[in-house]
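Protein chains: 2
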Amino acid sequence: MLASASAGRLSVLRAAGIDPEVVVSGVDETCDDSPGTASLVALLAERKAAAVASLRPDRLVLGCDSLLDFEGEAIGKAGTAERAATIWRRLAGHEGTLYTGHCLIDGSSSSSSRVQAVAATRVRFGIPTDAELAAYIASGEPMSVAGAFSIDGLGGPFIDGIDGDASNVIGLSLPLLRRMLAEFGFAITDLWRAPAGS
Amino acid sequence: MLASASAGRLSVLRAAGIDPEVVVSGVDETCDDSPGTASLVALLAERKAAAVASLRPDRLVLGCDSLLDFEGEAIGKAGTAERAATIWRRLAGHEGTLYTGHCLIDGSSSSSSRVQAVAATRVRFGIPTDAELAAYIASGEPMSVAGAFSIDGLGGPFIDGIDGDASNVIGLSLPLLRRMLAEFGFAITDLWRAPAGS
Numbered sequence: 115m116l117a118s119a120s121a122g123r124l125s126v127l128r129a130a131g132i133d134p135e136v137v138v139s140g141v142d143e144t145c146d147d148s149p150g151t152a153s154l155v156a157l158l159a160e161r162k163a164a165a166v167a168s169l170r171p172d173r174l175v176l177g178c179d180s181l182l183d184f185e186g187e188a189i190g191k192a193g194t195a196e197r198a199a200t201i202w203r204r205l206a207g208h209e210g211t212l213y214t215g216h217c218l219i220d221g222s223s224s225s226s227s228r229v230q231a232v233a234a235t236r237v238r239f240g241i242p243t244d245a246e247l248a249a250y251i252a253s254g255e256p257m258s259v260a261g262a263f264s265i266d267g268l269g270g271p272f273i274d275g276i277d278g279d280a281s282n283v284i285g286l287s288l289p290l291l292r293r294m295l296a297e298f299g300f301a302i303t304d305l306w307r308a309p310a311g312s
Numbered sequence: 115m116l117a118s119a120s121a122g123r124l125s126v127l128r129a130a131g132i133d134p135e136v137v138v139s140g141v142d143e144t145c146d147d148s149p150g151t152a153s154l155v156a157l158l159a160e161r162k163a164a165a166v167a168s169l170r171p172d173r174l175v176l177g178c179d180s181l182l183d184f185e186g187e188a189i190g191k192a193g194t195a196e197r198a199a200t201i202w203r204r205l206a207g208h209e210g211t212l213y214t215g216h217c218l219i220d221g222s223s224s225s226s227s228r229v230q231a232v233a234a235t236r237v238r239f240g241i242p243t244d245a246e247l248a249a250y251i252a253s254g255e256p257m258s259v260a261g262a263f264s265i266d267g268l269g270g271p272f273i274d275g276i277d278g279d280a281s282n283v284i285g286l287s288l289p290l291l292r293r294m295l296a297e298f299g300f301a302i303t304d305l306w307r308a309p310a311g312s
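Residue numbers (our numbering), protein chains in the order written: chain A, 115 to 312; chain B, 115 to 312.
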């Protein structure tokens, strides 16, 4: 099951043939100290997975959290149009690193076990024109996604390229999930939904 | 309008807010000589766009074609399960380059004009287990996609990473399309569908 309210994460899993049950953890995503972006997403992913695993101890639970690191600063959802504009003025034409923390808890084994990992993908931001950026911000998308951009939504044309795993940028690294599942002895293809009609 | 039968290309445009009319060109995708993978996708993209533009001379028409270049060989759809297995035995653990040719024809201006470009994205193939590869081939996906893989479908967990634009791997580079549209004086945000309810 997926401990996340993110539509992007759910769409990544569904496109890869997996239909998870979704339980939103309600974990507070604020963090008083600043342990660095990679450590922060690892911590939040673990909190989300642990919160949901405590409710459903018999299940395989995945928690994830994503943040953009830009010049050492962790950038989450923009929240407001003003902040989205400020973020994009900094990012345009530069590179950042999208970190996603993953925590997989297998409560079905006798001794509940967990695997944790963080994936990093470099993101090369394009330079939207003033009119394009205004339209993008008016769409509302930057306010609700980590780093104020997407590669799989309206933001796609404004991202010139990435170096790393694309699904990690959307919020859940599929090749990393495959390796994490293997540590529990699962093949990712075991999680594919049954074909329609079967 | 989009001169392509590819579900991947249509989904890339739709996710980016664009709802094109689709007209399949019926262009023969075989090519007797071997001009190299990049030249081949450029040629086929132009043929597709030109065929559809001749039917609908008043419209903005985009043609695309994608092939994987691996060790100098152009690899298209696997077609059969046997060929998919042969291709994956070669690709696993190695890198290839996914080329997509793009040809945009603007028939609405007084002198019909066209812009052409090829985008290249490096693809790092993971190493599926024998059981995972058998399941992936049995799904049928490798037979119907260029290079016998996807990053946005069941193949996602088996691709360790890319260097370049993710939408280009799916078959249509959004940042490249944005730059091509700019040559005709269009902003990509001008092509966004009207918001629901407007």
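Quick caveat, the hints were computed from the structure, so don't treat them as lab data. Keep in mind that a hint or two might mislead.
One-sided excerpt, in silico: chain A residues whose CB lies under 7 Å from chain B [claimed, not checked]:
1) 133
2) 230
3) 234
4) 245
5) 277
6) 299
Since the model is a prediction, treat every value here as computed from it, not as a measurement. Beta carbons: idealized from backbone N, C-alpha and C, even for Gly.
- Regarding the hint that residue 234/A lies at the interface with chain B, is the smallest CB-CB distance below 7 Å? This hint is violated: residue 234/A lies away from chain B, its Cβ roughly 10 Å from the closest one there, beyond 7 Å.
- Message: Next item in the hint list is residue 133/A. Is there a CB on chain B closer than 7 Å to its CB?
- Response: This interface hint is violated because 13 Å lies over the 7 Å limit.
- Against chain B, with CB atoms and a cut of 7 Å, does the hint on residue 245/A hold up? 6 Å, holds
- With chain B as the partner, please determine if residue 230/A meets the hint condition of a C-beta pair closer than 7 Å. Hint violated; residue 230/A Cβ to chain B Cβ min 18 Å, cut 7 Å.
- Query: Regarding the hint that residue 277/A lies at the interface with chain B, is the smallest CB-CB distance below 7 Å?
  - Reply: 5 Å, holds
- Query: Given residue 299/A was flagged as interface, is its beta-carbon under 7 Å from a beta-carbon of chain B?
  - Reply: 12 Å, violated
Comparing the model with each earlier hint shows violations of hints 1, 2, 3 and 6; every other hint is respected.
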